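**Student:** Listed below are the residues making up each chain.
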Amino acid sequence: MWVLLVLVVLVGLWMVSAYNGLISLKNQTANAFKQIDVQLKRRHDLIPNLVNAVKGAMDFEKSTLEAVIQARNQAVKVNASGAEGIKQISQAENALSGALSRLLVTVERYPQLKATGNIGQLQEELTSTENRIAFSRQLYNDTATQYNTKQQQFPTTLVAGLAHAEHTDLWEIEDQAERAVPQVDLTRR
Amino acid sequence: MTSPDGNLFQQQEANRRRTTWLVIGFVLFFAWLGFGGDYIWALEGHHPFPWLGLAMATMALIGVRYAFKTGPEKVLWSTGATELIDPQTDAERQLANVVDEMAIAAGVPRPRVWIIPDDDPNAFATGHDLRDSHIAVTRGLLAICNRDELQGVIGHELGHVKNLDIRLMTLLAALVGAVLLARDGMGRMMGGGMPTRGGSRKSKNAGPLLATLIVLWLLSWILAPLVIQLLALAVGRGREYLADAMSAQFTRNPLALAAALAKIEAADAPTQAIKRGAAHLCIADPLGRRLTNSEGWLADRFATHPPMSMRISRLKGMGYAELKKAGQST
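Those sequence lines, one after another, are chains A and B.
When we follow my numbering, the leftmost residue of the first sequence carries the number -1, and every step to the right adds one.
When we follow my numbering, the leftmost residue of the second sequence carries the number 37, and every step to the right adds one.
Treat the hints with caution; some may be incorrect.
[To be verified] Part of the chain A face toward chain B, derived, beta carbon under 10 Å:
#1 Trp12
#2 Asn25
#3 Gln26
#4 Ala28
#5 Gln37
#6 Lys39
#7 Asn50
#8 Ala51
#9 Gly118
[Claimed, not checked] Distance ranges between label pairs, derived from CB positions:
#10 B:Thr106 x A:Lys39: 37 to 47 Å
#11 B:Thr248 x A:Val14: 50 to 60 Å
#12 A:Lys39 x B:Gly116: 35 to 45 Å
#13 A:Val1 x B:Thr248: 31 to 41 Å
#14 A:Asp167 x B:Leu259: 58 to 68 Å
#15 B:Glu109 x A:Ala51: 50 to 60 Å
#16 B:Ser345 x A:Val1: 50 to 60 Å
#17 A:Arg107 x B:Trp57: 54 to 64 Å
Honestly, the hints are just simulated from the structure, not real lab data.
Just so we're clear, the structure is a prediction, and the values are computed from it rather than from any experiment.
Don't be surprised by glycine CBs; every beta carbon is placed ideally from N, CA and C.
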């Protein structure tokens, strides 16, 4: 009799802690997703400034600039949520990332551009913005993976229904160039 | 890649527990210094009320509280660091950005950033918890590191923040300072010699017990600063490896941190601005002690930092494993 009671209490305690762990991970995942939004918004706000700053100096690379502006406007327009939303947003944002990295490459190609005005500073801002987005995506993917693993693993999976835990989509990298391994150059300063 | 993720909560819990034990140990030690003195006096037939013990215990309690509250401030102040609020130069702007980025990667609130006016490359983190944390780097570090390497170093410091290493380490640094101060003050008072004078007075139960007590008590006083410094060492070299691994997890670029550590090691002049009391907080031992670079039992116990070559080779191991994995999947 007593053994049974102790067993029930133990199982109850375990359920509470497993449930709370899942809820905490769920909220962390949601929060990490919001963090990506914040960083994307920051990038959208930065791009007009960037384009204005380089417009005068880069008459000759009109198409690169226009691609950036277009991709930015496209990305701002996307306003969806849910699993489908993640796909749409990530598609638009990946296109923008591609356009921006082409712009960065272009700026690299003209050293005299970097010397003029505050382009170097803008370059730093742009690099940082791209990094922020990449890192917020990474945090989201890490947290979501942890959440997904937890709710599938036995025995936590038994309380997954109770906590309304659902499989969360990861933020996929669609751009092949981004997927490639970056070259690590240790000699560079 | 080894994921330190599962370790995180254990590590935080362990650090909370160690902090509590440190506080308890510190207060008990001072209570012993005080009540032990009272007891010796009582054995010699002096007043029975434990004034000294109560005073010492209260002082220790207030001291710990004060050390905990003002610890980060004091540590930063002792290095002469100034807060980076409005970045002016390119290097400062980059530092502010890198800290923002790594805080995002680590999923912690943005720490406050400080710059230490010293040409030797080094960095440390301090603070109470995730919401109140500080990262300080020297000018020398900004000068020799490129963006990726700086990311690695800041990632390492944020690893300490996320682990709550900062809480334990900062309290320890503050206590080391407090004990050194108290020792100096008390040493002067004891120079008047209350226990030494006791010998001239014949008391009823004087004997081996009293003698041992007096010796023990005196030894405690003399050894107090040493004990506290041993505590600083006992917090272990392991947490540097863990912070390195966490940095690799945040940046996904362990080779950059390895390169940064190699550069820091190459410039092995001691970091003048960072004093002995805060040495265990730093990414590289600022005192440039030779013990740090040796292996074995003695070094494991008496050096605050693991050998740089070991840290670098572990990071490189992670880096190559990652490259290999990526190479296979494409």
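**Student:** When the nearest CB of chain B is found for Ala51 (chain A), is that gap smaller than 10 Å?
**Tutor:** violated (15 Å)
**Student:** Under the criterion of a CB-CB separation shorter than 10 Å, is Gln37 (chain A) in contact with chain B as hinted?
**Tutor:** holds (7 Å)
**Student:** Against chain B, with CB atoms and a cut of 10 Å, does the hint on Lys39 (chain A) hold up?
**Tutor:** violated (14 Å)
**Student:** Does the CB of Asn25 (chain A) sit less than 10 Å away from some CB of chain B?
**Tutor:** Since the shortest Cβ distance to chain B is 12 Å, the answer is violated.
**Student:** Starting from the range 54 to 64 Å, see whether the pair Arg107 (chain A) and Trp57 (chain B) falls in it by beta-carbon distance.
**Tutor:** holds (59 Å)
**Student:** Hint Asn50 (chain A) vs chain B: min CB-CB distance below 10 Å?
**Tutor:** violated (19 Å)
**Student:** Just to be careful: measuring from the Cβ of Trp12 (chain A) to every Cβ in chain B, is the smallest value less than 10 Å?
**Tutor:** Violated - the Cβ of Trp12 (chain A) stays beyond 10 Å from chain B, reaching only about 17 Å at its closest.
**Student:** Can the suggested window of 37 to 47 Å be confirmed for the beta-carbon pair Thr106 (chain B) and Lys39 (chain A)?
**Tutor:** Once the Cβ atoms are compared, 38 Å apart, the range 37 to 47 Å for Lys39 (chain A) and Thr106 (chain B) holds.
**Student:** At the C-beta level, are Glu109 (chain B) and Ala51 (chain A) separated by a distance inside 50 to 60 Å?
**Tutor:** For Ala51 (chain A) against Glu109 (chain B), whose Cβ atoms are near 40 Å apart, the range 50 to 60 Å is violated.
**Student:** Any CB of chain B closer than 10 Å to the CB of Gln26 (chain A)?
**Tutor:** Constraint on Gln26 (chain A) satisfied, holds at 8 Å.
**Student:** Can Ala28 (chain A) be said to touch chain B, with a Cβ gap under 10 Å?
**Tutor:** With a closest approach of 13 Å, the Ala28 (chain A) hint is violated.
**Student:** Does the Cβ-Cβ separation between Thr248 (chain B) and Val14 (chain A) fall within 50 to 60 Å?
**Tutor:** holds (53 Å)
Checked against the numbered hints listed earlier, the structure breaks hints 1, 2, 4, 6, 7, 8, 13, 15; every other hint is satisfied.
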